[in-house]
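Visitor: Sequence:
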Amino acid sequence: MMNPNGKKLILWFLSLILCITACAPAFASTGDRVLLRRSDDESSFYIRSVLPYGEGGFCVFIENYPDQIVMRYTDYQAEPEKFVKKMNEEERKNWWLEGLDEDSKEEEGNDEDIFFADDVPENQDTQEYEYVNDYFGWNGEIYALMNKSSYDGETSKEELLVKHVKLEDGQIILEDENVPELDFSSLVDSESGSLRFYGTNNIVTAGDSLFMTYYAEEGERLLVFDMNSGACTEGELEDVSELVAGPEGSLLVTRAIWSEDMNDYDTVTIKISKMDPATLSEEALTEIKVKGDSRITPCYNAENDTLYYAANGELWAMPQFDAAKAVAVNDCPEIGNSMKMLKDGFVLVQFFSSLSVKNTDPTQRGSIQLRVKGGGYGTVTNAIYDLNNSRGDISVIAETDWTFQNDILQSMMNRDAHTDVYLLSYQSNEFNALYNRNYLIDLSSNEKIAASTARMYPYIQDAVKQDGKIVAVPVYAYGGTLGVNVDTMKMLGMKEEDLPHTWNQFFDWMEKLPEMMENVQVKISWEDRMYLRTMILESMIEQYELWMEKKGDKEYAFNNPILCDLIRRLNNLDYDGLRAREHVEYDPENEEDGYYDDGGDDDNMVLLESYISTTMNGDVYYVPLFLSFADDEDPVIPTELEVAFVNPYSEHPQEAMEFLGVLLNNLDLDNQYTIYTDKTEPIRNPSENESLTMIQEAIEAYKAKIETAEGDKKADLEENLKNLEENQKDIERYSWRISPELIERYQKNINLYKVRGYSFYNALFGQENNNGNEDEPSAYEKIFASEESLKMAPEELLGMLDSKVQMIRLEGN
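Sequential numbering of the sequence shown, starting at 1, is according to this note's numbering.
Hints are computed from structural coordinates only; laboratory data are not their basis. For glycine and all other residues, C-beta sits at the position ideal for the given N, C-alpha and C. Just to be clear, a hint being listed does not mean it is correct.
[Claimed, not checked] List of simulated lysine-lysine pairs, DSS-like, C-alpha gap at most 30 Å: (1) Lys289 <-> Lys340; (2) Lys705 <-> Lys157; (3) Lys550 <-> Lys754; (4) Lys713 <-> Lys148; (5) Lys448 <-> Lys754; (6) Lys340 <-> Lys274; (7) Lys289 <-> Lys274; (8) Lys729 <-> Lys703; (9) Lys551 <-> Lys754; (10) Lys86 <-> Lys157; (11) Lys274 <-> Lys325; (12) Lys550 <-> Lys465; (13) Lys754 <-> Lys804; (14) Lys274 <-> Lys291; (15) Lys729 <-> Lys679; (16) Lys729 <-> Lys86; (17) Lys551 <-> Lys469; (18) Lys490 <-> Lys748; (19) Lys490 <-> Lys722; (20) Lys469 <-> Lys550; (21) Lys82 <-> Lys343; (22) Lys714 <-> Lys729; (23) Lys490 <-> Lys512; (24) Lys325 <-> Lys289; (25) Lys465 <-> Lys448; (26) Lys523 <-> Lys722.
[Stated by the list, open to error] Between beta-carbon pairs, the in silico distance windows are: (27) Val486 <-> Ser259: 42 to 50 Å; (28) Gly378 <-> Asn406: 22 to 30 Å; (29) Arg415 <-> Ser390: 27 to 35 Å; (30) Gln364 <-> Asn263: 33 to 41 Å; (31) Asp730 <-> Arg809: 47 to 55 Å; (32) Lys551 <-> Asn406: 29 to 37 Å; (33) Gln696 <-> Ala302: 53 to 61 Å; (34) Gly552 <-> Ser390: 41 to 49 Å; (35) Ser367 <-> Gln696: 55 to 63 Å.
Model the full structure from these sequences, guided by the hints.
Guide: Right, here's the structure in full:
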C-alpha cells in the first residue's frame, strides 16, 4: 500500500525533466564553446558525469528521469551523437506496480527503491532490480557500477557489480561481457550479508587503478581497485574535497581549510597532495588561496606538467605545481564538477547544468576584461554566456568574494577601478551609503537597460531610479510574510476570506484558535513558543518600519501605542491552547546519533508559517497574511531586491552597462514574473505531460489487475489505485511552474508592494553584537529571542530599540 512518503517521492520524480540546449559558440577566448546549457524555462537539467571515449572524444552522461541519455562527442568541435536508455512498456508499468501492493516490501521500507528499478520482472518467485550507481572509464571503455538487489519472498540480497556500457544504434546497452572482475567482498557485512555501501562520493581512474570514496559509520573511506587483478585496498580519508588523476598513475587529493578570521571568512586554503595507489601514502605538493569555495575542479596535464583549476571566476594554470607560477588563462564563470583535458590546449569544464570548452592560451583572451563582484549566481553566469556569444572581445570574471561589501565605500573613495560591476542588497548599509553619496552612475543611456526598466512594475522602477535616472538594475526580487497552510486551514473549517487583514484582527484570530483546534490534530507552528513569539514580533517590527517609510515619516519611534498594544496581545496569547511547546535550550549532551530531539516532532498539522513568499516563487499550498496597522489603511507588502550597478571609476563603463543590459534578459523565471509587467501567462512544469501520461498508464494497469484480483490483494490494489488517482489530481493542480493563482494574487495586490530600503532593524540586528563573548547573548537575542524579553514591558523593549535607532540617526543614517 502506498504510504505518504511514497506519494511524495512519486510526485518529486514526476517533476523532473531534462531540457538540453545546444548553444551557439561563445568567444570570450578563441575557440571557447558552450556545448550544453540549461534552458531558460528552468527545466530540470542534470549532467551526471563526463568520461573520455576513444581517441580525443568524450561521453556526457545525463539524467532525464525516467530515461538516461549519453551524448557522444568524437571531438569537441563535432556534433554529438545521442544514445538513450528508455523504460520499455513493461518497465513503465512495473515502475508503478511492483512493490506497491506487497505489505512485506512496504514494511521493509523498500518501496522507494522501485523508482530506480531498471527491470523488475513480473510473475517470478525471485524479484530483482538494479540501478546505476556511477560510471567510470578505463582503457578507452566505459563501465557502470551497479547496485543490484533481489528478493525471493523471504530473504533479500544486495550486491555490487560492473557492467560494460555499449553505445549502439542510438541505445545505451548495459552488458555483462568484457568487464573487469573487481573484489567487492569487503563491502559486504559478514553477519547480515547486506551492503555497507550505497553510493560513491568520488570515483576516478588513474592508470590501472580505480579510486572510489564512500561514507561508512567510521567516516569517509577510500577503495583502490587494481583493474587488472581486481584486488581491493581500503583506507581512510579525512576532509577530502576532490580526487582526480595525477602524474604517473597517482591520485591528486584536495582539502579545503576555511579561514577562522571573521573579517576574512570566505578565504579558503586549498591544500593539494599526491597519493601513491600502492601504499596510500600522500606527498604534499602545493597550496593556494581562493575565495568562497572548497572546490577548484583540478585537472592535471602530463604533456606540459601543468595543473589547471578554476578559482575566483577564472581558469588558472600552475606549472610544476608551483603556486608562484600560477597564472589566469581564461574566464570560468562556474567552478564546475569536473574538468577534462582536450587536445590543442583546451579543457572541458562540466557543471551539473552546463558543459563548456575553454582555451588555456592566455594570449587568446578577450581584450577587455570586466570584473563582477557579488551574488547573482545563475543569472550572472547566464549573462556571461550570452555576452560571450555577442561580444567576443569581452571576458567577464565573476569573482567570488563574500566580504567585498566591507570595503566597497573605501574603494569608491580611493577611485578603485578594479571591479566594474557590483551586486548588493538594496537594503544594505553599503548600498544606502553609495546611493546617498551619489556614487551611482546614470545607466539610462543604455537602450537595453532603458527598455527593460520601462517594462518593470512601478514600485520596482521607483527603487532603481534616483532623481529620475536609472542607477541600478534588479537581479533578484523576493519577499515574505507570515502565512497560513491551506490544508490545515480547511481542517479547522476556515476559508481564505476568514483570515485577518489587520494586526489587531490577527490577534483576535489567534485568541479564538485554541477553541477551534480542540479535537483537531493541528498545532500553531513548528517553532517552540519563544521562537513563535519572536517570528511574529520580527514581522511586526519590520512591517511597521516599512509602513512609516511609505508614509514619509522619517522621525518615527518604535515605542508607540500601536506597537505596545500589539506586543501586549502577543505576550498574552494562550500558547498552551495553541499547542506551542515550551522552549528547550539546546544541550549537546541530549543528542543521540547526531539527532537532537527538541520535542517538535508529532502528528499535528501546522497552521502558521513564519515565512511565505509574496513574490512569484511562492506556491498555492499557502496563503500569505497581508496585515495593516490601521483599519482604514492598506497593508504594506515588503519586497527585497538584489541590484547590480556600475562602478563610477570603471575603465569600461559602456561595456559594463552592456553587461547589465544582458543581465536583465537573463533573470530567472520567478524574477521575470515578479519584475516585468508583461509576464502574466501561467506556465506549466515541462514534465506535466510525461507525468500525466505515466500516471494514466499506471491507473489503467491497476484497473486491469483489479479485475482479476481477489480478497486482500484486490483491496490493496484498490487502495493504491485511489492514491494514484489522488496523485493525478494533485499533479494537475500543482504542476504549475508559475500558477494562475499566484499571478492573480500578485496582480491584485501589486499596489501594496514596496521595496525595502535601508532598515534600522537590519542595521542593528543583522549581525552578532556581543563584543566577541560567545557566552553573552547578542543584542538581537536579548531583545527578541530570549526569556528576558518576555519579562520586559513593551515600552521598555521598544525603548531599547529606539535608543539604538537614535544613535544611528545622529551618525547621519
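Visitor: So, for every hint listed, does it hold in this structure?
Guide: Structure-based check of all given hints:
1. Lys289 <-> Lys340: holds (22 Å)
2. Lys705 <-> Lys157: Between lysine 705 and lysine 157 the Cα gap is close to 28 Å, so the pair holds against 30 Å.
3. Lys550 <-> Lys754: holds (8 Å)
4. Lys713 <-> Lys148: holds (27 Å)
5. Lys448 <-> Lys754: holds (25 Å)
6. Lys340 <-> Lys274: At roughly 18 Å apart (the allowed maximum being 30 Å), lysine 274 and lysine 340 satisfy the hint.
7. Lys289 <-> Lys274: It holds: about 18 Å lies between the C-alpha atoms, which stays within 30 Å.
8. Lys729 <-> Lys703: holds (17 Å)
9. Lys551 <-> Lys754: OK: lysine 551 and lysine 754 at ~12 Å, within 30 Å.
10. Lys86 <-> Lys157: holds (26 Å)
11. Lys274 <-> Lys325: holds (19 Å)
12. Lys550 <-> Lys465: holds (16 Å)
13. Lys754 <-> Lys804: holds (25 Å)
14. Lys274 <-> Lys291: Roughly 23 Å separates the two Cα atoms, so the pair holds.
15. Lys729 <-> Lys679: Distance ~27 Å between lysine 729 and lysine 679 Cα, so the pair holds.
16. Lys729 <-> Lys86: holds (26 Å)
17. Lys551 <-> Lys469: Given pair lysine 551, lysine 469 holds - Cα atoms ~23 Å apart, limit 30 Å.
18. Lys490 <-> Lys748: holds (23 Å)
19. Lys490 <-> Lys722: Roughly 21 Å between the alpha carbons, so the hint for lysine 490 and lysine 722 holds.
20. Lys469 <-> Lys550: Between lysine 469 and lysine 550 the Cα gap is close to 21 Å, so the pair holds against 30 Å.
21. Lys82 <-> Lys343: Answer holds: lysine 82 to lysine 343 is near 22 Å, not above 30 Å.
22. Lys714 <-> Lys729: holds (23 Å)
23. Lys490 <-> Lys512: holds (16 Å)
24. Lys325 <-> Lys289: Measuring from Cα to Cα gives roughly 14 Å; hence the hint holds.
25. Lys465 <-> Lys448: holds (16 Å)
26. Lys523 <-> Lys722: Holds: lysine 523 and lysine 722 sit about 28 Å apart, inside 30 Å.
27. Val486 <-> Ser259: 42 to 50 Å: holds (45 Å)
28. Gly378 <-> Asn406: 22 to 30 Å: Since glycine 378 and asparagine 406 have Cβ atoms about 25 Å apart, the given range 22 to 30 Å holds.
29. Arg415 <-> Ser390: 27 to 35 Å: holds (30 Å)
30. Gln364 <-> Asn263: 33 to 41 Å: Holds: the Cβ-Cβ distance is about 38 Å, inside 33 to 41 Å.
31. Asp730 <-> Arg809: 47 to 55 Å: At 52 Å between Cβs, range holds.
32. Lys551 <-> Asn406: 29 to 37 Å: holds (33 Å)
33. Gln696 <-> Ala302: 53 to 61 Å: holds (54 Å)
34. Gly552 <-> Ser390: 41 to 49 Å: holds (44 Å)
35. Ser367 <-> Gln696: 55 to 63 Å: holds (57 Å)
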